[in-house]
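Novice: Sequence:
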Amino acid sequence: MEKALFLPFMQLQTGHHHVADALIAEINSCRNDIVCDKVDILSYSYGRMEKVISAAYLNWIKYFPDVYDRLYRFTAYKKEPFHNRRYLYEAMFMYFFKRLTNRNDVRILFCTHALPSNIASVLKLKNKLSSVTVNVYTDYFVNDLWGIEGIDYHLVPTLTVKDYLTAKGVRPEAIYVTGIPVDNVFQKADRRERNSDLIKVLVTGGSLGVGSLKSMLPALNSGKVHYYILCGKNDILYQDLLRIEQDSVTPIPYITRKAEMNKLYNQVDAVLTKPGGVTISECLLKRKPIFLYNPLPGQERINAEQMKLQGTAIPVDKDNNLEEQLLQFFTDENRQRVYDDNVDVYHRYLDRRPLSDLLQEMLNKKH
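Going by UniProt numbering, the residue at position 202 of the sequence shown is 202; the numbering climbs one at a time, nothing skipped.
Keep in mind that the hints were calculated from the coordinates and are not lab data.
Treat each hint with caution, since some may be false.
Here are the simulated DSSO-like pairs of lysine-lysine, each with C-alpha atoms no more than 27 Å apart in a straight line [what the hints assert, rightly or not]:
no., residue 1, residue 2
1, Lys263, Lys224
2, Lys308, Lys62
3, Lys188, Lys128
4, Lys3, Lys258
5, Lys188, Lys62
6, Lys98, Lys128
7, Lys3, Lys365
8, Lys168, Lys124
9, Lys200, Lys124
10, Lys318, Lys274
11, Lys124, Lys308
12, Lys263, Lys98
13, Lys78, Lys224
14, Lys258, Lys188
15, Lys200, Lys188
16, Lys308, Lys78
17, Lys126, Lys98
18, Lys318, Lys233
19, Lys162, Lys318
20, Lys286, Lys318
21, Lys126, Lys78
22, Lys62, Lys98
23, Lys318, Lys365
24, Lys263, Lys286
25, Lys258, Lys38
26, Lys274, Lys200
27, Lys233, Lys168
28, Lys274, Lys258
29, Lys3, Lys126
30, Lys162, Lys62
Predicted model only: the values in this text are computed from it and were never measured.
Make the full structure from the sequences, and use the hints.
Specialist: Put into structure tokens, the structure is as follows:
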């Protein structure tokens, strides 16, 4: 049996993994002759060093956020007309990439991170990689590390990204505006009308942080907004919120099933989150107003800028009362109408074909 290989970068369960998982589920639903495998290229190449590098990366963002942001923009977001070769990365990963692809009968490669895409692009241009190769962008912009030349297909989040790629010479018919792929359970939009004066807001626990969340709680008690706080695997946060017993707050432990998460989306009126690509994509599909809080340096800050330009997310001012900002939006019908119109524009340019059909087309391409 032939293989579809999915290539994130690190083992950290970021959007690169979630997008790969969503695509794997789609392929498994429509093809039984393709074996899907997911390999993060960093741990494949350097084994236990991956954990050290991942920890260093997270600590860098935590302790030196502005330095990381400036360096990220300088090295990966210059907006240059041409993408340059990255010889250091090629020296570090080319051997392992070739070994990985040569040992498997890889019919198609899905790159959900820029680095494996960069290596694939170099090999495709040298005619040393025959697999059909697909870039799957997991942010709302294209950083300079992505390989573009030689890549067969591009799954992009927005029309803006498609225009960016066509300006770089990519054939329009090789680009599909799919949004950032998410699990099929989130595909059905929810246009329900609010049937009470109480505004229900889903808060992704990591978007606020434990410290800022605790300091903010006394101000989240107007009786007009109820907060469902996703605590994820942070059991300390979950237990702390349970002990506080604040009527306006419902802590929610780690959710394992996508259907449960979808049900939660259907129960709320808005989502307060960091601008991670997958969460944003889910909210846009569900047509939930998105309030962006405290984006991480690098990708998230640029995502926030792109969302603000499109009018599909509302940045929260950390220096002002959060609840007042939420209430200002939900008591202003004109702002809500403008926001809904912007989300409609986003949906208008999405490919109408089921994602499984697009994947079938790619899988059927001769290589």
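Novice: Work down the list of hints and note, for each, if the structure agrees.
Specialist: Structure-based check of each hint:
Restraint check: the Cα-Cα separation between Lys263 and Lys224 comes to about 22 Å, which is no more than 27 Å; the hinted pair holds. This hinted pair checks out: Lys308 and Lys62 have alpha carbons roughly 24 Å apart, not beyond 27 Å. Restraint check for Lys188 and Lys128: not satisfied, since their Cα atoms lie roughly 41 Å apart, outside the 27 Å limit. Taking the CA atoms of Lys3 and Lys258, the gap is about 26 Å. The hint holds against a cut of 27 Å.
Of the pairs offered as hints, the one joining Lys188 and Lys62 is violated, with about 36 Å between alpha carbons and a cut-off of 27 Å exceeded. For the proposed pair Lys98 and Lys128, the alpha carbon gap of about 9 Å is at most 27 Å, so the pair holds. For the hint pairing Lys3 with Lys365, the CA-to-CA distance comes to about 14 Å; that is within 27 Å, so the pair holds. Distance hint between Lys168 and Lys124 is fulfilled; the C-alpha atoms sit about 17 Å from each other, no more than 27 Å.
The suggested pairing of Lys200 with Lys124 is violated, with an alpha-carbon distance near 49 Å, which exceeds 27 Å. The hinted pair formed by Lys318 and Lys274 meets the criterion: a straight-line CA distance of about 13 Å does not exceed 27 Å. In summary, the hint linking Lys124 to Lys308 is not supported, as the alpha carbons are separated by about 36 Å, beyond the 27 Å threshold. Taken as a hint, the Lys263 and Lys98 pair is broken in the structure, with Cα atoms around 43 Å apart against an allowance of 27 Å.
Between Lys78 and Lys224 the alpha-carbon distance is near 44 Å, which puts this suggested pair outside the 27 Å criterion. At most 27 Å may separate the alpha-carbon atoms for a hinted pair to count; Lys258 and Lys188 meet this at roughly 13 Å. Between Lys200 and Lys188 the alpha-carbon distance is near 20 Å, which keeps this suggested pair within the 27 Å criterion. For the hint linking Lys308 to Lys78, the alpha-carbon distance of about 20 Å falls within 27 Å, and the restraint holds.
Our distance criterion of 27 Å between C-alpha atoms is met by Lys126 and Lys98, whose separation comes to about 13 Å. The hinted pair formed by Lys318 and Lys233 meets the criterion: a straight-line CA distance of about 25 Å does not exceed 27 Å. With a CA separation close to 33 Å, the supplied pair Lys162 and Lys318 exceeds the 27 Å bound. Between Lys286 and Lys318 the CA atoms are separated by roughly 26 Å; this keeps the pair inside 27 Å, and the hint holds.
The suggested pairing of Lys126 with Lys78 holds, with an alpha-carbon distance near 26 Å, which does not exceed 27 Å. Between Lys62 and Lys98 the alpha-carbon distance is near 34 Å, which puts this suggested pair outside the 27 Å criterion. This hinted pair does not check out: Lys318 and Lys365 have alpha carbons roughly 49 Å apart, beyond 27 Å. With a C-alpha separation of about 11 Å, the suggested pairing of Lys263 with Lys286 holds against the 27 Å cut-off.
A threshold of 27 Å between alpha carbons decides the hint, and for Lys258 with Lys38 the separation of about 19 Å falls inside it, so the pair holds. Straight-line distance between C-alpha atoms of Lys274 and Lys200 comes to about 18 Å, which keeps the hinted pair within the 27 Å bound. This hinted pair does not check out: Lys233 and Lys168 have alpha carbons roughly 41 Å apart, beyond 27 Å. For the given pair, Lys274 sits about 19 Å from Lys258 by alpha-carbon distance, which is consistent with the 27 Å threshold.
For the hint linking Lys3 to Lys126, the alpha-carbon distance of about 22 Å falls within 27 Å, and the restraint holds. Straight-line distance between C-alpha atoms of Lys162 and Lys62 comes to about 32 Å, which puts the hinted pair past the 27 Å bound.
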